[in-house]
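A.B. asks: Chain by chain, the residues run as shown.
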Amino acid sequence: MKVSARNILLAAGLLLLIALPALAALLNQPFYVDQFRRIMIFAIAAVSLNLILGYGGMVSFGHAAYLGVGAYAVGVLAHYGVLNGYVQWAVAMGASALVALAIGAVSIRTSGIYFIMITLAFTQMLYYLGISIEEFGGDDGMRLAVRSQFPGLLDLRNGTAFYYLVLAILVAFLLLGHRLVNSRFGMVIRAAKSNDARTRAIGFSPYPYRLVAFVIAGAMCGLAGALLVNHTAYLTPEFMHWTRSGELMFMVILGGIATAVGPVLGAIALLLLEDFLSALTQHWQIILGPLLVLSVLFFKRGLAGLLPGARPNG
Amino acid sequence: MAEPLLAVRALLRRFGALLATDHVDLDVHDGETHAIIGPNGAGKTTLIGQLAGSLRPDSGQIRFSGEDITALTMPRRSRKGLARSFQITSIYREFSALDNVALAVQAHAGHSFRFWRAARDEPGLRAPARAILEQVGLGDRADVLAANLAHGEQRQLEIAMALATRPRLLLLDEPVAGMGAEESQRMTQFLASLKGRCTMILVEHDMDAVFTLADRISVMVYGRVIATGTPAQIRANAEVRAAYLGEPEAAA
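These protein sequence lines are chains A and B, in that order.
The first sequence begins at -11 in the working numbering and counts up by one.
The second sequence begins at 17 in the working numbering and counts up by one.
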């Protein structure tokens, strides 16, 4: 890591997140820990979406599917008495990876608007599946009576411990993502996004690389789903609603497509703005919508593009 | 005589009612530079597309190095040693020149399911890419974003990427198109220096480049090859003169 204004800013941001529970305690505002835990869970989901949308050019309009599959894996296992967190979260990631494999195997053969529509259609199917299963609460969802158990490691009922776990996962995924997009594998999916015909002409078959990227992103987002259901202690098909997928896309676009920290900035900005505006008026979406349109029109490179030293393909 | 490196038999491709490739037979021998000329719309780029694998023929056969490759995809043909430069510059605009060539090296250096090590730190990819950039004359432009290269330099980069795949047969679709006189002369000299290193099929309108480089020339008109021969034979061919060569002379 070079010492640059950009890295100093990023380190300061990380320190702020580390210090946040202490600051919240000092200000006697424990709500902030909850708020930022939720934000970071969505940031994890947005980071995973950025891998395929930002670096791979695969505009998935169904990324909330994996949020839902991860959440349902935990909720359903808990419903049947399997409370071990390692098992639950491994199943959450495995099931999300399998669903991503199935959706990706079909959708990645298409491109452009067809890709967007197919990923949306699959996610809507899962959403209606969630609604239709009465055993798991159907439309209303169901309570997660007991959070994932990590005996001897940590207790998720401890809000601060849970907060640090989420932060650690977010940082780990950012580092993993950074390695991934700069590896040979990452260069192939970025090349295929940049110029598909050229990529084939020099001898790459992009399909298997894209599919693997899609599955990795699905598994990462599945873990975010497992975190989310533990955060809300409630399982609902709403996790898979298409507006969720849209929100995740917005976090990526607002934060800066194909930038390492963009999705995190996007998640923080979008969710804080939502919280702030919804406290002002119940018609907050009327204000949020135009703000998002303006941000897309005027900061094409997203919030990450405002950081010093930002460059494409760094 | 040994089987030609590339043997095309009765290749046919329609676009609706248009016969873009009309029973084309073509032999390209190992080591030769074979130019394909013809007026606009004669079907030259369509033919190149079918040779490279981006376009499927409706019927006919393409054999490369003794093997039927008619059904192979573009990536598989590339791995067998067929490389292509595009008529319309096709590069990775948002990557550096060196990245562009290193990607072509990477495509032929085993599978790319390697997730951890930074590809830009691999000497095995960077060193050969740098050497090829030097050869095409872009050595000092390695770190420039491809989008910021001049048009002529982008054409050189195209060829560098094709060469990085270590091709046995190079398909060049109008390599000097859009270049100034001096640039196109330099490119022609560079292509001449490749003779003997790989076999080339050259589609080109620039007759100076064609007659400098080609060992043999095939002339296409309306999807058909109407003549094949040495430059001297083609110059002397009455049908060719009528169909094609007369035009630029009359214009000049």
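One should not assume that every hint holds.
[Stated by the list, open to error] Partial list, derived from the structure: chain B residues whose beta carbon lies under 8 Å from chain A:
id, residue
1, E110
2, S128
3, M177
4, K211
5, R213
6, F227
[As the list claims (entries may be wrong)] Over 10 Å on every C-beta distance to chain A, these chain B residues come out as not near it, computed from the model:
id, residue
7, D38
8, E48
9, G57
10, A68
11, S81
12, P91
13, R92
14, D115
15, E138
16, G168
17, L210
18, H221
19, T228
20, R232
[Stated by the list, open to error] Where chain B lies over chain A, by a calculated footprint (3+ residues, C-beta under 8 Å):
id, stretch
21, 156 to 170
22, 181 to 191
No lab work stands behind these hints: they were computed from the structure.
Glycine residues also receive a C-beta, built at the ideal position from the N, C-alpha and C atoms.
A.B. asks: For every hint, state whether the structure bears it out.
C.D. replies: Comparing the hints with the structure gives:
Of the supplied interface hints, the one on B:E110 holds, with its beta-carbon coming within about 5 Å of a beta-carbon of chain A, less than 8 Å. Evaluation of the B:S128 hint against chain A yields a held restraint, the C-beta minimum of about 4 Å falling below 8 Å. A distance limit of 8 Å between C-beta atoms decides the matter here; for B:M177 the minimum to chain A is near 6 Å, and the interface restraint holds. Taking 8 Å as the C-beta cut-off, the interface hint given for B:K211 is violated, the closest approach to chain A being about 22 Å.
This hint is violated: B:R213 has a C-beta 18 Å from the nearest C-beta of chain A, more than the 8 Å allowed. Checking B:F227 against chain A by beta carbon gives a least distance of about 28 Å; that is not within 8 Å, so the hint is violated. The Cβ of B:D38 sits about 25 Å from the closest Cβ of chain A, beyond the 10 Å cut-off, so the non-interface label holds. With a least CB separation of 22 Å from chain A, B:E48 remains clear of the 10 Å interface cut-off, as annotated.
Against the 10 Å criterion, B:G57 stays outside the reach of chain A, whose nearest CB is about 22 Å from its own CB. In this structure B:A68 is not separated from chain A by more than 10 Å, as the shortest Cβ-Cβ distance comes to only about 7 Å. At the 10 Å boundary, the C-beta of B:S81 stays outside the reach of chain A, the nearest C-beta of that chain being 16 Å off. With a least CB separation of 4 Å from chain A, B:P91 falls inside the 10 Å interface cut-off, contrary to its annotation.
At roughly 8 Å from the closest C-beta of chain A, the C-beta of B:R92 falls inside 10 Å, breaking its exclusion from the interface. The claim that B:D115 lies off the interface is violated: its Cβ sits roughly 8 Å from the closest Cβ of chain A, which falls inside the 10 Å cut-off. Not every C-beta of chain A lies more than 10 Å from that of B:E138, the closest at about 8 Å, which undercuts listing it as non-interface. Against chain A, the non-interface label of B:G168 holds: every CB pair exceeds 10 Å, the least being about 19 Å.
Every C-beta of chain A lies more than 10 Å from that of B:L210, the closest at about 18 Å, which supports listing it as non-interface. Against chain A, the non-interface label of B:H221 holds: every CB pair exceeds 10 Å, the least being about 22 Å. Interface exclusion of B:T228 from chain A stands, the closest Cβ pair being 26 Å apart, more than 10 Å. With a least beta-carbon separation of about 25 Å from chain A, B:R232 lies farther than 10 Å from that chain, consistent with its non-interface assignment.
For the stretch 156 to 170 of chain A, the proposed coverage by chain B is satisfied: 3 residues have a C-beta within less than 8 Å of a C-beta in that chain, meeting the threshold of three. For the stretch 181 to 191 of chain A, the stated coverage by chain B is satisfied: 9 residues place a CB nearer than 8 Å to a CB of that chain, which reaches the threshold of 3.
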